[in-house]
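Peer 1: Fit chain F to the supplied structure of chain P, relying on the hints for placement.
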Amino acid sequence: EPEVTQTPSHQVTQMGQEVILRCVPISNHLYFYWYRQILGQKVEFLVSFYNNEISEKSEIFDDQFSVERPDGSNFTLKIRSTKLEDSAMYFCASSVGRRGEQFFGPGTRLTVL
Amino acid sequence: GQQLNQSPQSMFIQEGEDVSMNCTSSSIFNTWLWYKQDPGEGPVLLIALYKAGELTSNGRLTAQFGITRKDSFLNISASIPSDVGIYFCAGPFEGGSQGNLIFGKGTKLSVKP
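Going down the list, the protein sequences come from chains P and F. To convert, note that position 18 of the first sequence is 18 in my numbering; the numbers rise steadily by one, no gaps. To convert, note that position 89 of the second sequence is 89 in my numbering; the numbers rise steadily by one, no gaps.
Just chain F, with the same shape it has in the complex:
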């Protein structure tokens, strides 16, 4: 079935560093969504991508929809302590008619002040 593979699984970085994480699939996705989840909270939508090649920014976050439609990356520039959390990529299951999302397993980000 469709799966989203995220890497790395976890990252430990120093405050101020840039971060890059990605998400790949063996299947084509027409939408890529990036969410952040803090402990005990619900996923918060960061960026939505709808077109192959699209590059979208949200403050210090930048995400791109891969040309092959099988991958996406998320970059965070100049990380700060509140960037700590788990970052999930997600996309609609193409076999479903209602856009039900498949999630990756997440990249856990830790930032050392």
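In isolation and in its complexed conformation, chain P is listed as follows:
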């Protein structure tokens, strides 16, 4: 069964460093998303992406964040200058349609020291 994959599973970085989190969405899906979950809290929406551009973004997704689909399969989230409060699980998700069921990857645990 097709699934969303994410790498790395765990990323440790120093405050101020740039990180790139990678995702491979399900191949026939057209809508891509990034969510984050701070430990013990609910899942929060960051950004949605369709047709090679950002569709929606939340207040969390400030100028330090960017997303890219560099090729036909990968979808990346970049944090330019990480802060301590960026420590969280980051989930990629994808869906066939705009209102369709979203399928989540296993997540990348980001730890900022």
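A couple of the hints might just be wrong.
Here are the simulated lysine to aspartate or glutamate pairs, DMTMM-like style, with alpha carbons at most 25 angstroms apart [as the list claims (entries may be wrong)]: (1) LYS105(F) to GLU44(P); (2) LYS105(F) to GLU54(F); (3) LYS70(F) to GLU56(P); (4) LYS57(P) to GLU94(F); (5) LYS78(P) to GLU41(F); (6) LYS105(F) to GLU17(F); (7) LYS42(P) to ASP83(F); (8) LYS105(F) to ASP86(P); (9) LYS42(P) to GLU41(F); (10) LYS83(P) to GLU41(F); (11) LYS83(P) to GLU18(P); (12) LYS70(F) to GLU44(P); (13) LYS51(F) to GLU101(P); (14) LYS83(P) to ASP63(P); (15) LYS105(F) to GLU53(P); (16) LYS108(F) to GLU101(P).
Examples of chain F residues toward chain P, derived with CB under 7 angstroms [claimed, not checked]: (17) GLY42; (18) PRO43; (19) ALA48; (20) VAL84; (21) ASN100; (22) LYS105.
With beta-carbon atoms standing in for the labels, derived distance ranges [as the list claims (entries may be wrong)]: (23) PRO2(P) to SER57(F): 22 to 32 angstroms; (24) GLN9(F) to GLU85(P): 42 to 52 angstroms; (25) GLU1(P) to TYR50(F): 16 to 26 angstroms; (26) GLY97(P) to VAL84(F): 31 to 41 angstroms; (27) ILE80(F) to HIS10(P): 21 to 31 angstroms; (28) GLY97(P) to ASN58(F): 14 to 24 angstroms; (29) GLU3(P) to GLY59(F): 14 to 24 angstroms; (30) ILE38(P) to VAL84(F): 16 to 26 angstroms; (31) GLN17(P) to LYS112(F): 24 to 34 angstroms; (32) GLU3(P) to SER77(F): 35 to 45 angstroms.
Calculated from the structure, these hints are not laboratory results. Here the structure is a predicted model, which is why all the values come from computation and not from measurement. A virtual CB, placed ideally from N, CA and C, is assigned to each residue, including glycine.
Peer 2: What follows is chain F alone, placed relative to chain P:
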């Protein structure tokens, strides 16, 4: 803003018991999604509901989309130890155009063998 309220926050039950949890909102939702999350993993989609009044089953799981479109419940029958996890309801934020999901805070289920 739109919020999803889940209850109960946590449940401790004996293996074999039935479980019921629900999700309410002050806003109308046109889609309800139920996810399960194991520790350190991504949310896994259990059931999707698209129509008011809809009752859908997936094995021992049954979920209903409330008639008012402001609530949904999830039932698990004859619970087993692998049902342990956090159950989230989610729905698309109606102010967004790309179906970005809002999540509830989750119901944590513990099952005693």
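Peer 1: Now tell me if each hint is right for this structure.
Peer 2: Hint check:
no. : hint                                      : in the structure
1   : LYS105(F) to GLU44(P)                     : 10 angstroms, holds
2   : LYS105(F) to GLU54(F)                     : 23 angstroms, holds
3   : LYS70(F) to GLU56(P)                      : 24 angstroms, holds
4   : LYS57(P) to GLU94(F)                      : 14 angstroms, holds
5   : LYS78(P) to GLU41(F)                      : 21 angstroms, holds
6   : LYS105(F) to GLU17(F)                     : 23 angstroms, holds
7   : LYS42(P) to ASP83(F)                      : 19 angstroms, holds
8   : LYS105(F) to ASP86(P)                     : 19 angstroms, holds
9   : LYS42(P) to GLU41(F)                      : 13 angstroms, holds
10  : LYS83(P) to GLU41(F)                      : 23 angstroms, holds
11  : LYS83(P) to GLU18(P)                      : 10 angstroms, holds
12  : LYS70(F) to GLU44(P)                      : 20 angstroms, holds
13  : LYS51(F) to GLU101(P)                     : 14 angstroms, holds
14  : LYS83(P) to ASP63(P)                      : 13 angstroms, holds
15  : LYS105(F) to GLU53(P)                     : 30 angstroms, violated
16  : LYS108(F) to GLU101(P)                    : 22 angstroms, holds
17  : GLY42                                     : 4 angstroms, holds
18  : PRO43                                     : 5 angstroms, holds
19  : ALA48                                     : 5 angstroms, holds
20  : VAL84                                     : 17 angstroms, violated
21  : ASN100                                    : 4 angstroms, holds
22  : LYS105                                    : 5 angstroms, holds
23  : PRO2(P) to SER57(F): 22 to 32 angstroms   : 24 angstroms, holds
24  : GLN9(F) to GLU85(P): 42 to 52 angstroms   : 24 angstroms, violated
25  : GLU1(P) to TYR50(F): 16 to 26 angstroms   : 22 angstroms, holds
26  : GLY97(P) to VAL84(F): 31 to 41 angstroms  : 32 angstroms, holds
27  : ILE80(F) to HIS10(P): 21 to 31 angstroms  : 30 angstroms, holds
28  : GLY97(P) to ASN58(F): 14 to 24 angstroms  : 20 angstroms, holds
29  : GLU3(P) to GLY59(F): 14 to 24 angstroms   : 19 angstroms, holds
30  : ILE38(P) to VAL84(F): 16 to 26 angstroms  : 22 angstroms, holds
31  : GLN17(P) to LYS112(F): 24 to 34 angstroms : 44 angstroms, violated
32  : GLU3(P) to SER77(F): 35 to 45 angstroms   : 27 angstroms, violated
Of the numbered hints given earlier, the model fails hints 15, 20, 24, 31, 32; all others are met.
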